[in-house]
Each structure stands twice: as C-alpha cells, then as structure tokens.
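Between the sequences and the hints, there should be enough to build the whole structure, so can you do that?
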Amino acid sequence: MDRDVNEIDEFMEDLANLTDVSDYLSSSDSEGRKEERRIKKSRLIPFYKTRKDILTYFCEEKLMRTFRFDRVSIEYITALLEHLFPKRKTKAKRNLRPLDMVLIALQFYATGTFQTVVGNVLRYSQSSVSRSISWVSLALSLISHKHICFPANLNNLKIQFAEIARIPGIIGCIDGTHIRLQRPTVHEKAYVNRKNYHSISVQGICDANHKFLSVCATKPGSCHDSSIFKCSTIGKKFKAGDFGTSIMLGDSGYANTPFLIIPYNEPTEAYKTRFNAAHKTTRCVIDRAFGILKKRFNVLHSEIRMPPVKRLGTITVACCVLHNIAIDLNMPLDDEWGTDNTDFEDENETTECEPRPERADAQRDSFLRRLGNEKRQLIAYNIFRRH
1 MDRDVNEIDE
11 FMEDLANLTD
21 VSDYLSSSDS
31 EGRKEERRIK
41 KSRLIPFYKT
51 RKDILTYFCE
61 EKLMRTFRFD
71 RVSIEYITAL
81 LEHLFPKRKT
91 KAKRNLRPLD
101 MVLIALQFYA
111 TGTFQTVVGN
121 VLRYSQSSVS
131 RSISWVSLAL
141 SLISHKHICF
151 PANLNNLKIQ
161 FAEIARIPGI
171 IGCIDGTHIR
181 LQRPTVHEKA
191 YVNRKNYHSI
201 SVQGICDANH
211 KFLSVCATKP
221 GSCHDSSIFK
231 CSTIGKKFKA
241 GDFGTSIMLG
251 DSGYANTPFL
261 IIPYNEPTEA
271 YKTRFNAAHK
281 TTRCVIDRAF
291 GILKKRFNVL
301 HSEIRMPPVK
311 RLGTITVACC
321 VLHNIAIDLN
331 MPLDDEWGTD
341 NTDFEDENET
351 TECEPRPERA
361 DAQRDSFLRR
371 LGNEKRQLIA
381 YNIFRRH
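First residue of the sequence shown? That's 1 in full-length UniProt numbering, and the numbers climb one at a time after it.
Bear in mind the hints are in silico, worked out from the structure with no lab data behind them. Here the structure is a predicted model, which means the values were calculated and not measured. Take the hints with a grain of salt, since some may be wrong.
As the list claims (entries may be wrong) - With a cut-off of at most 27 Å between alpha-carbon atoms, the simulated DSSO-like pairs for lysine-lysine come out as follows:
id	residue 1	residue 2
1	LYS295	LYS195
2	LYS272	LYS158
3	LYS146	LYS211
4	LYS146	LYS236
5	LYS375	LYS272
6	LYS87	LYS310
7	LYS295	LYS310
8	LYS280	LYS236
9	LYS211	LYS237
10	LYS310	LYS189
11	LYS158	LYS146
12	LYS236	LYS211
13	LYS280	LYS239
14	LYS195	LYS280
15	LYS158	LYS230
16	LYS189	LYS230
17	LYS236	LYS375
Structure follows, in structure tokens:
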C-alpha cells in the first residue's frame with residue numbers, strides 16, 4: 001500500500017514538472033511572437049511617419065520647386081478645399097488626408113509627370129494619385145467662382161489698364177490657348193486644331209495684373225475663338241450690356257464690337273498706327289498670363305494623359321484658380337521651372353474663318369461691327385491724334 005502511495009506521489013510530481021515546462025515553453029513562444037510583431041511594426045513606422053509629416057521632409061526651396069507654393073500657402077489651399085472632399089476610408093481604416101491629396105495634385109500640376117512617378121515620390125499608389133487629382137481638381141473648380149470673377153467695382157480695372165498705354169474703359173483682355181491632350185476615342189476629329197494636334201481650346205480674360213477674370217475650358221480644339229466667345233456665358237453678358245460701356249481688347253481673330261475692340265487692319269493714318277501700338281502693348285497681358293500659367297503648372301504645357309476629355313477642362317480651371325491664388329499670395333515664379341512662351345506662337349493670329357451665322361444673327365453681328373468701328377475710331381482719334 002505504501003509503495004502504491006509513493007508511486008502516485010512520484011507521478012504527480014512528474015506531472016507538475018511537465019506542466020511547468022509546458023508553461024515555460026508556451027510563455028517563451030508567446031514572447032517570441034510578440035517580439036516578432038514588435039520588429040515588424042517598427043519597420044512600418046517610418047513609412048507611415050513620412051506620410052503624416054511629409055512637409056517636414058522639404059525645405060522651402062524644394063517645396064516651391066515641387067509644389068509651386070510655400071508651406072503656409074499649401075496649408076491655406078488645404079483649408080479652402082478640405083470640406084469639399086468626400087469621406088472615404090480604405091480597408092485599413094485610414095483616410096487619405098486632405099493635405100496629402102493637395103500635395104499629390106499640386107505636384108502633378110507643377111510637373112505634368114505620369115501619375116506613377118508622382119505616386120513614387122510621395123509613396124502612394126497610382127489609384128490614390130488618380131483619385132486625389134480628380135477630387136482636388138473638382139474641389140478647385142467648385143470654388144472657381146470665388147477666385148475667377150470680375151470685381152464689383154470695375155473702375156480699378158479701367159485705371160490699371162489705362163496706365164499701360166492710355167486706352168480708356170478697358171476691364172479685360174481676351175485670348176485663347178490650346179491645351180494638348182491624348183487622342184480621344186469620341187469625336188476625335190473635333191479635337192484636332194489648325195496645327196493638326198488634339199487639344200481643347202481655352203478662352204481666358206485677365207486683368208492688368210495677369211489674374212484671370214473669366215475662363216472657359218469646355219470647347220474642343222477645332223472651335224474658333226470668336227465662336228467660343230459668342231457661346232460663352234461671359235460673351236452673352238457683354239452682348240446683353242451687363243458691363244455697360246466697358247470694353248475688352250482682343251486680337252484680329254475676334255469681331256470688332258462695342259464691347260470687344262480689335263486693332264486696325266493695315267492702318268494708313270498715324271493715329272491709327274499709334275492706337276494699334278497701344279492696343280498691342282495693352283493686350284499682351286493676356287499672352288503673359290497664359291505664359292505664366294503654363295510655366296507655373298507644366299501639366300498645361302505638355303500633353304495631358306487623363307481620360308475622359310472633360311477632366312482636362314476641370315484640371316485647366318483648377319490650375320487657373322491656383323494661378324490667381326499664387327498672385328494674391330505673391331508666390332515667386334522661377335525661371336528654371338520652364339520656358340516662358342509669352343506669345344504662344346501667335347495662336348490667334350490666324351485667317352481661319354469663323355462659321356457662317358444665321359441670317360438674323362448676321363444682321364445683328366453686322367450692326368455690332370458698325371458700332372464697334374465707330375467706338376474704336378472715337379477712341380483712336382481722341383486719344384492718339386496727337387503724340
């Protein structure tokens with residue numbers, strides 16, 4: 001009996017020892033797994049940290065070169081747009097922050113590089129880059145009416161333009177430019193311009209400080225500038241007399257009207273020649289405005305590869321909004337950013353014919369041309385008859 005008791009005691013002691021060993025091994029295995037997870041997590045920290053604090057990795061000079069805005073301006077733009085971004089969570093329950101989306105879009109506008117390159121630099125996937133560009137472009141276009149508009153008081157515009165070359169009553173200069181795009185799959189021929197490449201035709205009106213007052217970026221490249229102006233909202237407002245006796249200056253691609261004055265064609269009188277010189281000096285502000293726009297945002301200077309075509313208009317308007325913001329915030333323009341094509345190869349100095357209007361419209365247009373010729377003659381004779 002005593003022997004049986006002793007054997008039982010020995011068995012229980014051995015069992016206790018085995019339990020202690022098992023607990024020890026389990027504890028060691030658990031600690032090992034925790035250590036392995038800790039190491040993996042530590043390797044991920046730098047990646048997420050660079051996303052959260054990405055601005056700290058750029059000096060001011062590199063910020064300007066990469067995004068075209070300084071730190072304060074980028075935060076200002078983000079504050080303007082963040083309430084317009086949709087709320088979207090990824091599977092990992094992490095949002096694309098508004099600041100991140102703005103940085104992605106700004107670099108795309110500034111460089112015009114492929115989206116994968118932008119994503120590699122900022123460490124985002126191509127889909128995140130594409131989504132960010134779309135959201136930021138749309139948000140900027142939604143606030144464009146606040147940043148691209150005529151001021152309530154037009155007198156300041158007239159004073160600033162008159163200081164250039166003495167022509168009175170000017171509130172803006174109008175012109176068009178082409179934004180190159182990939183060959184579209186729908187209505188392809190409509191987007192072929194007179195220089196035989198695919199584009200959208202962008203109409204812009206600017207003030208004496210190169211800020212855009214109106215932008216229309218919805219027409220294909222084959223559309224004539226004067227036709228775009230007629231169909232545009234701003235063109236209809238001028239025709240309806242919403243701007244009173246105020247005038248704009250345009251090149252010979254437009255019709256001469258009481259509200260849009262173009263230069264004389266081969267003038268013989270001295271005062272008309274002087275008027276043409278003053279007209280050219282004043283009107284070139286719109287050429288410079290487009291030059292600055294394309295220099296600051298190189299995406300508009302190169303071929304945009306983002307279907308569908310309608311997104312190009314949104315991107316163009318977005319860049320124009322940022323252009324005006326940059327002027328308001330006194331952002332510098334670096335000569336190293338690109339070539340400044342201020343004359344754009346005389347894009348509107350063309351003999352291309354405007355589509356023939358209907359009979360009633362033709363009579364109305366003829367009447368407007370006669371009034372425009374009389375107004376131009378009055379300005380030229382009264383202002384430039386004497387030196």
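Going through the hints against the structure:
1. LYS295 x LYS195: holds, 21 Å
2. LYS272 x LYS158: Judged against 27 Å, a Cα distance of about 21 Å means the pair holds.
3. LYS146 x LYS211: holds, 13 Å
4. LYS146 x LYS236: holds, 20 Å
5. LYS375 x LYS272: Cα-Cα ~13 Å, so holds.
6. LYS87 x LYS310: holds, 24 Å
7. LYS295 x LYS310: holds, 22 Å
8. LYS280 x LYS236: holds, 25 Å
9. LYS211 x LYS237: holds, 20 Å
10. LYS310 x LYS189: holds, 16 Å
11. LYS158 x LYS146: holds, 21 Å
12. LYS236 x LYS211: Since the Cα atoms of LYS236 and LYS211 sit roughly 21 Å apart, the hinted pair holds (cutoff 27 Å).
13. LYS280 x LYS239: OK: LYS280 and LYS239 at ~23 Å, within 27 Å.
14. LYS195 x LYS280: holds, 24 Å
15. LYS158 x LYS230: holds, 23 Å
16. LYS189 x LYS230: holds, 22 Å
17. LYS236 x LYS375: Status holds; Cα separation ~20 Å.
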